[in-house]
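Engineer: Below, each chain spelled out in residue letters.
4 protein chains.
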Amino acid sequence: MNTNRLETFADGVFAIAATLLILNVDAQVSEDIPYLGRRLLDIWPSYVAYAVTFFTIGIVWVNHHTVMSQIDRTDRMFLFLNIGFLMLVAFAPFPTRLIAEHIRGEGARAATLTYGITLVLMALLFNALWLYASVGAQLLRADHDPKVVRGITRSYALGPVTYLAATLISIVKPIVGVILFAAIAGFYILESSVFGRTKQRE
Amino acid sequence: MNTNRLETFADGVFAIAATLLILNVDAQVSEDIPYLGRRLLDIWPSYVAYAVTFFTIGIVWVNHHTVMSQIDRTDRMFLFLNIGFLMLVAFAPFPTRLIAEHIRGEGARAATLTYGITLVLMALLFNALWLYASVGAQLLRADHDPKVVRGITRSYALGPVTYLAATLISIVKPIVGVILFAAIAGFYILESSVFGRTKQRE
Amino acid sequence: MNTNRLETFADGVFAIAATLLILNVDAQVSEDIPYLGRRLLDIWPSYVAYAVTFFTIGIVWVNHHTVMSQIDRTDRMFLFLNIGFLMLVAFAPFPTRLIAEHIRGEGARAATLTYGITLVLMALLFNALWLYASVGAQLLRADHDPKVVRGITRSYALGPVTYLAATLISIVKPIVGVILFAAIAGFYILESSVFGRTKQRE
Amino acid sequence: MNTNRLETFADGVFAIAATLLILNVDAQVSEDIPYLGRRLLDIWPSYVAYAVTFFTIGIVWVNHHTVMSQIDRTDRMFLFLNIGFLMLVAFAPFPTRLIAEHIRGEGARAATLTYGITLVLMALLFNALWLYASVGAQLLRADHDPKVVRGITRSYALGPVTYLAATLISIVKPIVGVILFAAIAGFYILESSVFGRTKQRE
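Protein chains in written order, with our numbering: chain X, 1 to 202; chain D, 203 to 404; chain A, 405 to 606; chain Y, 607 to 808.
Errors might be hidden in some of the hints.
[Claimed, not checked] So, partial list: chain X residues that the calculated Cβ filter (under 7 Å) puts toward chain Y:
hint, residue
1, T19
2, I22
3, G37
4, F54
5, V62
6, N63
7, L190
These aren't lab readings, by the way, just hints derived from the structure by calculation.
Every residue gets a Cβ at the ideal spot worked out from N, C-alpha and C, and that includes glycine.
Modelling step: build the complete structure from the supplied sequences, incorporating the hints.
Structural biologist: The following block contains the structure:
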């Protein structure tokens, strides 16, 4: 089985999950709001949450692309690992809304914890599908570069650890956890696109 | 007419139907919930329903791919059978929400029955489109392997029967029916990806 | 400019518009419904409306595919005609819900009229994009068959007329109009897939 | 990294953002409306807003296609600029609804301002991704025509300026701003498809 349809399906889930995020912002402004301008300023956490999760999904999409560019066949196990991974990507809009609505209230801890668990599981399943494909070069292209493959493995292994740390911190101090979730995305983008120009293989 | 655009359209419906499932979870938590953490634990059936239907749609997507890999042309009848089949796939988020919300209440029977009927019809239409394509090798690739084709036919024929059995049981005992719906998905994944490695053609 | 990305975008809109239809059904059943089973039976017009519009979008998708198979280039005007056409396809879920909810009440006339106008405009724009592409063979493949092209032109010209007739009837007798909308879709499917096997070029 | 998957992901976001616009119209008509016909006429701004934003997204999609047709490779920075740009495209349904609901009330200024800022940022990011790709011919096809590239650069540079002007006007006179947003889309379509036939390269 070739990889085309998996990419189409995955890109569909990525695109829909990212685009559905706007419904979270939308739900914050009911029609009969009297002071619209004030309300639009007041819901600024929704915009931040929208942007952070949109970029986080974007980063995951870029990384998924990197994985797919190294392999040239799939099997059932690999497909189901992908479905599990995409299930967590599609889940992301829900905890994003929880954070946007509750970060300034008593539900902050529960909201950030839900967000963190989703990201940790997503990162774990992403590592699982990559390791399944790459250990023993099981699904890799015949002409893959072992050095590049090792680089990817090392780089992805950081994901679950980083997100777990941010999640644990968010239990103690939710707002710090949220800032870390945003910082992880921001750092990744800067690292891979600005500083990392010379070694764009991870 | 070639099969590319059918695959794009079908993959779109699969991806959207799966991703829309999160709206069901989302609707369970209104903004003004006082004890967010407790509520998030309380709605655990929503998470289970989300996962089971996401994987069920994923399985159906994998099987649809298997069908498409055996054929290399389509006709109007085949397209309309596919549309009918996709109509049932796109319907799945609705009974999923019914189960998530009503499995612990008086509506459990009605909810599981609706879910079961949807799956039985989906499996029937999937068999219909496969039989239409494969009987007389009408739409099959010239180089198809008759043994593989017979294997697919046998394997898919189990779908409606299995789901009908689970549906009938869910009339008597809804919770058992739900466990069976989950078990069917779980068993299929294990069977085809773990145990079935050596015969990955069904 | 080639036609690939137009097909991807169009198939996306078709798939999303069709899949969003389930939200109409979903909105009919609120969580705190006391007699779920009775409610699920009571909303049967929602299921019928869902199926009719899903198949209508499916038919339009098949026909759009037929158009695209005859042409091999696009220009700006053709793209914008397509966007206008897709705008009406994406509009369809709204009047579908109106019919499902109001066909048994005082709003039946307004609902069916809105549905009819949407379909008439959709059929008109579909003819516009086809005529723009085919008159003078402007965007057609070099190897197109003039006889096939004329057959398509004749067959599509019936669309706006048929839907206009059903719309006018729905002003006088809404329920008859709705039955006609369903019958048009059903007849088209039967005609092109069952009876029309021998002349599958329209 | 080639450009295929970026196009698939981008087309997904374009298609979903455009198709989700109908939910804005849908939310304006609750089920228990007594005079459905009157209500359907009364919400005409929703139809206008739907059409204007649908076509605006369509125009942006066409222009994104033009960009992609000039380049044949991507890098991380280009991908993240695209994700930022798509984040703003996916945001558009929200201010569209604000305008539809508030243009006749006190919230008109806040609504049009939000819409305008979204479009200005979208146009800025679109210029950013184009300049990133084209300055120094960094990501351009080897056989690109420098004259065409300069034409695109000039034409896109007008976007942010035009939208900024309309946004500033909408602060003083919201309704005029909205008319300008619609006029910009309309003029662009006429210019590029009717008048601009002879120079269809911008």
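Engineer: All hints are to be evaluated individually against the structure, with a verdict given for each.
Structural biologist: Results of checking the hints against the structure:
Here the hint on T19(X) is kept, as its CB sits about 4 Å from the closest CB of chain Y, short of 7 Å. Contact between I22(X) and chain Y, as hinted, is supported at the beta carbon level, the nearest pair being about 5 Å apart and thus within 7 Å. With 7 Å as the threshold, the beta carbon of G37(X) comes within range of chain Y, its nearest partner Cβ sitting at about 4 Å, so the hint holds. Residue-level restraint check for F54(X) holds (minimum Cβ-Cβ distance to chain Y is 5 Å; threshold 7 Å).
Taking 7 Å as the C-beta cut-off, the interface hint given for V62(X) holds, the closest approach to chain Y being about 5 Å. Of the supplied interface hints, the one on N63(X) is violated, with its beta-carbon coming no nearer than about 11 Å to a beta-carbon of chain Y, more than 7 Å. Given the 7 Å rule on beta carbons, the hint for L190(X) is violated: about 9 Å separates it from the nearest Cβ of chain Y.
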